[in-house]
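Protein chains in written order, with the numbering used here: chain C, 1 to 370; chain H, 1 to 370.
Among these hints, one or two may not hold up.
[Claimed, not checked] The list that follows gives simulated cross-link-like pairs (lysine-lysine, BS3-like), each with its CA atoms no further than 30 Å apart:
id	chain 1	residue 1	chain 2	residue 2
1	H	Lys75	C	Lys75
2	H	Lys311	H	Lys295
3	H	Lys88	C	Lys295
4	H	Lys156	C	Lys311
5	H	Lys199	C	Lys181
6	C	Lys284	H	Lys75
Simulated from the structure, these hints should not be mistaken for lab results.
2 protein chains.
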Amino acid sequence: MSFKFEVVHKDNNTAARTGRISTAHGVLETPVFMPVATRGAVKTLTPEELEGIGAEIVLGNAYHLYLRPGTELIKRAGGLHNFMNWQKPILTDSGGFQIFSLSETLKVTDEGVEFRSVYDGSSHFLSPEKVIEVQQILGADIIMVLDECPPYSAGKKQVEEAVNRSLDWAKRCKASFSTGKDQALFGIVQGGVFRDLRKRSAEETVEIDFPGYGIGGFSVGEPHEIMFEALNETIPYLPFAKPRYLMGVGNPTSLLEVVRQGIDMFDCALPTRIARNGAAFTSKGRLNIRNARHKADLEPLDENCGCYVCKSYSRSYLRHLFMLGEILAHRLLTLHNLAFLFDLMRRARKAIVEDNFEDFRRDFVDNHDS
Amino acid sequence: MSFKFEVVHKDNNTAARTGRISTAHGVLETPVFMPVATRGAVKTLTPEELEGIGAEIVLGNAYHLYLRPGTELIKRAGGLHNFMNWQKPILTDSGGFQIFSLSETLKVTDEGVEFRSVYDGSSHFLSPEKVIEVQQILGADIIMVLDECPPYSAGKKQVEEAVNRSLDWAKRCKASFSTGKDQALFGIVQGGVFRDLRKRSAEETVEIDFPGYGIGGFSVGEPHEIMFEALNETIPYLPFAKPRYLMGVGNPTSLLEVVRQGIDMFDCALPTRIARNGAAFTSKGRLNIRNARHKADLEPLDENCGCYVCKSYSRSYLRHLFMLGEILAHRLLTLHNLAFLFDLMRRARKAIVEDNFEDFRRDFVDNHDS
């Protein structure tokens, strides 16, 4: 089945909407949180566990997979789905963000980007065409154009150049994209925190015409409020009937805020990354299991959570394992954090369908400490 | 249900036998490999996964759990089974081996052992009585006496003193052990590599009368052959009708060798420890996933293994994850290694019942490189 998106229900009082994305590897209900499997695995978890907690799609990264283990091997393994043993939908990011944020030396021309590998310092050149070729070999259901991602510190002139170059690259990506492979190619809107640039980037990316649109260049260090405002200037210029994917956001209250603005998809390393540091999402805010007050605490991570971890383990046990460096702690916190976000999305979708999203969001935020 | 052991079938041609141990938390089929959950978790794995691959019992360690998180908390959590969410049988080692091998400064008297914590250097004193008290609070189904474990380098005089002290401690352990708690207390035979000491330790420990016997003081650096010989001098002095537990052995070919000699139970950190270094048991010998020849190797770890890992992942994928430090690799290798040993034990039990154990063992060893 080829790619298809439909809006199922729009909330009466906000821009939030539920939708359905159909792909060759199955259907996703939106708004959807997409856990990152950057290098071909969601950190610490198996595909079966992810499915068990309601993951509908995972996110690979073309930059990382191109460097390690390389496209040749993944091609021989029958594509990324087979290589990593995940038969539900996959989205691959082109790696624009990684090329620009991980490379110490980097040469950007209109032709493409020359950079050094984060793994071994070897030199590589990726053009828009090459990035599409890589992603078509990986075989994800949704793939992304190559974009230039300036840092938050960039001035307006630099951001404008990045917008122009990203538009040019988006056209070349589309031109080189072979549509015969049940994949959908999404465009990416840039423009930093500059309203006029966001507007122009959105309008001209939409003009190229993609089946869905990523919104990039956020979560690069700017305050949340600045992002929400700039997003507000971007979304109205995106077509209602196409999915909108905000790249790199995963904080629970931010997720609900951007769902309210009409975002359908998001990804973030946050739930897996904070787990590594002992932090867990809860309905009352973030909890850190290292805190001494959990030493003899026989409560679950979150009394309102029905996930396997909360049904089976006390904070004291998780703290015990975490303090001793037992990997099982990292794994159980990751599992809980993802289950928490998937459940939050389920409840958000339900609230949208009931035209009750803003009350739901306010309740959640009011109970939240952080 | 209180503790019970029965020999089910003795092999016609060797001393190998199958048996059944009944405990308050369920029944185990012997010979049984017991994975170590030293600090309350089998490294990287959940209880459900362990059950899924056929784990029948896990091994906690009183020394570690007494120090972290302490018996008070585990008591409040309702015992070790509840704390770690494992409702099948548990055996706890007294920690004699750990006290003697992990402590840099240590004072042994007839009264007990004074040692410093491996975690924070704090000073502790454990007597035979205290070790029983700790293990009765932890609530394992099988608990062990406190024994003195001399190193492999110890001379005969030192080993003899350790035998004498261990016998004295064994009596005191038994005297202070409260039988009302559905627990079984096992004695431990010491004696190093000295045949006469092994014989005397076995005979006098049996005289004290326990429902089962550990054989300690091996796997401390001696060559395998030396252990097999000393074991041969020990087993004949243990009663046929009681379970025999060889402490600290987990190498597949060694397991089969000691099963042949009539051992019923064993534990070892080996399968979890080597997984951390990238090593996997296979029917052809040990494989290291870091080896460059597995880079593009689309075969499973072991083509003869039916475990989840071998059914789902290629060596190339596991190598990819391992080389990048992805925890999932460590976890999948651990899962495979344990599944491999559980399967080996299932096949060993079957061969014993069919009076065919020695052929089975020889076949396995002949196909084995290492």
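For each hint, the structure was consulted:
1. Lys75/H x Lys75/C: 54 Å, violated
2. Lys311/H x Lys295/H: OK: Lys311/H and Lys295/H at ~18 Å, within 30 Å.
3. Lys88/H x Lys295/C: 26 Å, holds
4. Lys156/H x Lys311/C: 53 Å, violated
5. Lys199/H x Lys181/C: Judged against 30 Å, a Cα distance of about 73 Å means the pair is violated.
6. Lys284/C x Lys75/H: Roughly 29 Å separates the two Cα atoms, so the pair holds.
Hint check: violations occur at hints 1, 4 and 5; the rest are consistent with the structure.
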